[in-house]
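Enquirer: Fit chain C to the given chain R structure using the hints.
Protein sequences, first through last, are from chains R and C. Following full-length UniProt numbering, the numbering of the first sequence begins with 1 at its first residue and continues without gaps. Following full-length UniProt numbering, the numbering of the second sequence begins with 1 at its first residue and continues without gaps.
Calculated directly from the structure, the hints in this document are not laboratory data. Any given hint could turn out to be false.
Since the list gives no way to pick out one identical chain from another, each pair is judged satisfied if it fits inside one copy or across any two copies.
[As the list claims (entries may be wrong)] Distance condition first, Cα-Cα at most 30 Å in a straight line; then the derived DSBU-like pairs of lysine-lysine:
| no. | residue 1 | residue 2 |
| --- | --- | --- |
| 1 | Lys-577 | Lys-486 |
| 2 | Lys-480 | Lys-577 |
| 3 | Lys-509 | Lys-332 |
| 4 | Lys-223 | Lys-181 |
| 5 | Lys-332 | Lys-181 |
| 6 | Lys-577 | Lys-466 |
Quick caveat: nothing in here was measured; it's all calculated off a predicted structure.
2 protein chains.
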Amino acid sequence: MPQYKAPLRDMQFVLHELLNASDHYAKLPAYAETVSRELVDQYLETAADFCENELAPLNQVGDREGCTWNDGVVTTPTGFKEAYQKYIELGFPSLAAEEQYGGQGLPVSLGNVISEMVGTSNWAWGMYPGLSHGAVRTLEHHGSDEQKNTYLPKLVSGEWTGTMCLTESHAGSDLGIIRTKAEPQADGSYAISGEKIFISAGEHDMAENIIHIVLARLPGAPKGTKGISLFIVPKFHVNADGSVGDRNGVRCGSIEHKMGIHGNATCVINFDQAKGYLIGPENRGLNCMFTFMNTARIGTAVQGLSASEGSFQGSVTYARDRLAMRSLSGPKAPEKEADPIIVHPAVRNMLLTQKSFAEAGRALVYFLSLHADIVEQGATEEERKYSDNILSFLTPIAKAFLTETGSESAKHGVQVFGGHGFISEHGMEQIVRDTRIACLYEGTTEIQALDLLGRKVLQTQGAMLKDFTKIIHKFCEANKDNADLKEFVEPLAALNKEWGEITMQIGMKAMQSPDEVGAAAVDYMYYAGYVTLAYFWADMARLAQQKLAEGSTETAFYNAKVTTARFYFSKILPRTKSHVAVMASGNAPLAALAADDFII
Amino acid sequence: MPQYKAPLRDMQFVLHELLNASDHYAKLPAYAETVSRELVDQYLETAADFCENELAPLNQVGDREGCTWNDGVVTTPTGFKEAYQKYIELGFPSLAAEEQYGGQGLPVSLGNVISEMVGTSNWAWGMYPGLSHGAVRTLEHHGSDEQKNTYLPKLVSGEWTGTMCLTESHAGSDLGIIRTKAEPQADGSYAISGEKIFISAGEHDMAENIIHIVLARLPGAPKGTKGISLFIVPKFHVNADGSVGDRNGVRCGSIEHKMGIHGNATCVINFDQAKGYLIGPENRGLNCMFTFMNTARIGTAVQGLSASEGSFQGSVTYARDRLAMRSLSGPKAPEKEADPIIVHPAVRNMLLTQKSFAEAGRALVYFLSLHADIVEQGATEEERKYSDNILSFLTPIAKAFLTETGSESAKHGVQVFGGHGFISEHGMEQIVRDTRIACLYEGTTEIQALDLLGRKVLQTQGAMLKDFTKIIHKFCEANKDNADLKEFVEPLAALNKEWGEITMQIGMKAMQSPDEVGAAAVDYMYYAGYVTLAYFWADMARLAQQKLAEGSTETAFYNAKVTTARFYFSKILPRTKSHVAVMASGNAPLAALAADDFII
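Chain R on its own, in the form it takes in the complex:
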């Protein structure tokens, strides 16, 4: 069983050294007085302790036991409930919520950094409090004062949890065709009827009430995405004094048997004339949800980062211990009956792949999280707007690319263990199964890719792309005379230029047929992801070389950054070449076969 160790040194490297988080918080009026480096580090240490000692030991328990459903009642795995109580006692649910409702008013970015640790140690558990965030955000942004006062304090404290009820069995990516109905009632409430599926944490035994945020259609609403409204539907009605009242018409019909995240209850939720309350304007439900979709998707990107980090930790430990064969260049541990497998280049390649995805993935996620802080708390409209553009552009990349590379890392984790990787007790195959969902929910990889290339790049005439490539360009310009960085800066600058050219070419083709966008999108997303991580690796190498030049005594730590950057540029970044060639071939090879002729 892999022993999770929170990578605090690396987290601090990214947060404090690479991204200067202290300066960042100091510039934001909401945090300037309250958020110090000491406070951040203290939270990280508390979270690390909780994740290593409470959550990680429950990770395999949750997978093995799963949740059980009995006549609408869901029981979570042994220990999950108790761990949740401790999590509440430590104050984590209220961390980033508004102080007015009992929150601590701390930055979203700090929450995301802690999410990484929660996610790596036990993703299935982390989804219970994780889903509440969506409900809290929806209420904070769109709820009336009465709604906020009714629901937020208990959600913020963690006494209640929340869900997001979007998907129906026939409607996942395409929410425009949902059928759940909301009928207006005389008292101003709505009667909600319909069946929602894939509702994570939709029913469980960890909290005394569950607040569902539900997408449904009003009578006579326009067809498609413009006819969907958002409703609050509590599992138990809330009495005037805030206490939990009678049961509402909401019931968990069953839970899914699924590939992974067994510890989390994925529920079918049946609404049968359930009393619900409209939140936000009529028919604008999807727009309300879009306001925090970026943050939710970064949350899923964290799952990919977690898979890379968790599988890396497991396989490095194994690769140092496991003995098999001799190094091709002669015995490295002649006193043993064979060499540890970490001597073999193919094993090193897998470990360094995981490492390079985890560490640059962390940089990307934290970078985005700081921009998310600015979107919410930036001092000027201009700052907020700029950060919102960066966030909008990079979010589909982070979500799709980091979840796909997380899956790849998890695959390597199994492979490093050889046949033992296939055996459950070692915990490596669980990571593959748990993280597989990350490429599917919150918008599949393909949906993210279309969002990136279609909406973010082409619909803005490349403006959002330019905001980001300008950052890379400035970095390359600033470091072009640094001989030690040449191996990184030169290829990065070339790719940054190529990125623009490829975009132009696709844009031209798209004017002839919009299907060209669909044909290129996934490869474009991968291309963008590899280049984005290359930027972070180049910047980390720069910083590490600077620290070494300044005489840091942490030579092994900083040297490892430079070495891993070099690995990334030599062994991972060339993957862009294939994506470029594939994009160039366009939609024709995909379009030629009639649907009936795929199998004859």
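Expert: Only chain C this time, still in chain R's reference frame:
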């Protein structure tokens, strides 16, 4: 749940049209009189019926129930035992075995074609009879007459099954360090003691006896791979009259909880002074096993092909039915609330990827299977030698590349289903879990890659590579003036040339450091795999165009071949570019980081 349909038309296309199997059998003295096209087709149809109607319905049952262990006794899932009885009644176990021992003396290739159907419909079940092949082969090649007479008839009939007991918990890829002991006894037998793990079909309730083939060390045997001998260790002793006698000192200590193939019992087998019989010469156990390692590895390559075929069938069906969003180029099914997802280029890309891997993978597996026939039954030593070289060269490619592409196909199968792909009842995630083992057992992908580049390519000074690239070269030369094939022949010829050049470059570097072989091997294997499948796609396109030109009425079938070849050349083959660039960067980026510095 995916409904398996044996792809008989495509199997016959490859076997009869592409590879001219009838001519092939006619040239082999052992089959010239007995094996007709009619006989082959009849076997295929019988097997298709059995696989579609008996095995496929048990596939999810096996996954859900798994095997159960109780005090050394293993119970297989509901229906497995009964299906095995039917399999025996249909005569499948004896198909390729020698007639002298009750076999039907039919070609190995026919067995492999049937294995594809068994494997796609229910891989976990197929491993029970599948493992017997190894034991039968070992006995046929290395057993004494007495050993053959004692064990073969019941193994061949299927009344008994066999296992291969190689792995120990500390020794998987590195069999040189196994510890199981064999002590000579006064009666000429040996007392075998030790613990073997990962013994597939090591214990079960489907047959009255199990014959274990066990690797163990004699007292004072040389260290390493040259001190390992092979033993026959029956679960029950065999009486002089051939009946089953007392229990031997062999016991199943436990079964593994694992990622997939739940229906197959993966056993810890404890040998406690078990009576065993030496088979083959002392200390030459590994050499004995190598004699049929190619066939065993092709058997695993079939698992990859099966994963591609099975996930393709499942996802094509879903993609035609499932409605979500409109095509970017306008509604394709305006009468429905959304278009079927097969209209979206990203979905088509995944389906065509699966299809192109399945169909060219089939061509590669069948091609190798015919060469395996020649190795066993070729009329001349020269023919046998040539086929053995082709087989030795292509086997690690087939094993590693088809199992990796099988895993990739299975991943796409889940992805096409969106969130539903993660749910067990749809059967797509089971394929991911079941096929994951294929990249690990029978030599991991990394071991295959070293076998290919080190042993097969460099150790033969490129001779084996040349045998195969000559086939491609001849194909390109023969078709270079065919304008309709230019789009395939030109890039194929260029890659074939590049293949030789890359090999030269690695060979030069390897002279400086053998670690360069380890650093390049996996990318080299992928490169080789993509080019090999490109050859088969080009040849299938040639044949399809010829059939169309000859006026075949199966225009959709043959057109789909050309279209899929075009897809493969445009969207899959460019992956070679990345592998070329990665190989060029050599071992340095992998070697730089000290083992202690991977995590700091």
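Enquirer: Next, verify each hint and record whether it holds.
Expert: For each hint, the structure was consulted:
1. Both within a single protomer and between protomers do Lys-577 and Lys-486 lie at most 30 Å apart by alpha-carbon distance, with minima of 20 Å and 23 Å respectively.
2. In this assembly of identical chains, Lys-480 and Lys-577 lie within 30 Å of each other by CA distance both inside one copy and across copies; the values are 23 Å within and 28 Å between.
3. Only between protomers do Lys-509 and Lys-332 lie at most 30 Å apart by alpha-carbon distance; the minimum there is 21 Å, versus 55 Å within a single protomer.
4. For the homomeric pair Lys-223 and Lys-181, the shortest alpha-carbon distance inside one copy (13 Å) is at most 30 Å, but the shortest distance between copies (74 Å) is not.
5. For a Cα distance limit of 30 Å, the shortest separation of Lys-332 from Lys-181 across copies, 28 Å, qualifies, whereas the shortest one inside one copy, 68 Å, does not.
6. Proximity of Lys-577 to Lys-466 under the C-alpha cut-off of 30 Å is found in both arrangements, the shortest distances being 21 Å within a copy and 28 Å between copies.
Violated hints for the displayed structure: none, as all numbered hints are satisfied.
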